[in-house]
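All chains, full assembly: derive it from the sequences and hints.
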Amino acid sequence: GKPSEAPPRKELPPWERYLQANHFFTQHGQFMHTVSWEVQGRQILTVIPHPLRVDVDRLARAVQKPRNAIRHRKLKDIEKQTGWPVFVCPPFGHPKDSEGREPMLLVDSTAIELKRPLLFDCGSVGLSVPVSEFFRSTGAACIEGLAKAADPAPKAAETAPASAGPPALAAPGVAVQAPALSPEPAPEPGPTAAPVQAMET
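Sequential numbering of the sequence shown, starting at 1, is according to UniProt numbering.
Derived by calculation from the structure, the hints in this document are not laboratory data.
Built from N, CA and C at the ideal position, the CB exists for glycine as well.
Warning: the hint list may mix true and false statements.
With a cut-off of at most 25 Å between alpha-carbon atoms, the simulated DSS-like pairs for lysine-lysine come out as follows [said to hold, decoys possible]: (1) K148 - K74; (2) K96 - K76; (3) K96 - K115; (4) K65 - K115; (5) K96 - K80; (6) K115 - K148.
Distance ranges between label pairs, derived from CB positions [stated by the list, open to error]: (7) S128 - V86: 21 to 27 Å; (8) E113 - Q27: 18 to 24 Å; (9) L12 - S137: 31 to 37 Å; (10) A149 - A60: 14 to 20 Å; (11) R71 - K96: 14 to 20 Å; (12) A149 - D77: 36 to 42 Å.
Laid out in structure tokens, this is it:
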């Protein structure tokens, strides 16, 4: 018979390649994504665990604005405003807006339960921050259900509706699963964040 051929090796999706290449860093905690939004001139930063996406409906409820008022900020705009390289969006250090307001920082509530440090890619530096220290130092507000699993990939015959909204996080085809819970004791809880104030119109 014919010698058996190994099946062709499937290339990993971009985020999985990133995590594999940076395993020396990502193995030490929960990798987090910071996603930047703008709502009627106000900057909003959302922090969610990889590989989840931002639930824009939850975000709209948290900032008390209609979903269609929320705009996913473009990478080139973030780069121009901050001076950071493209794709770099840490959860702090952003300039104030034209009215002198700091960006609103909203974090998925599951982060408070994580036992391992939160990991952020800050360009040439990987930052590892204990959960309680992150909340203490940033004053971030926890939002229940801010992160959600990615919508299932459409079948070949289906297409996403034009109103599906901006992509919120992971590249297409990234396998999504919630972070595993550890049986370790919970960290010392951070201070309770003040409720998100309604935005002035």
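Item checked: Hint check against the structure, violated hint numbers in rising order -> 3, 4, 12
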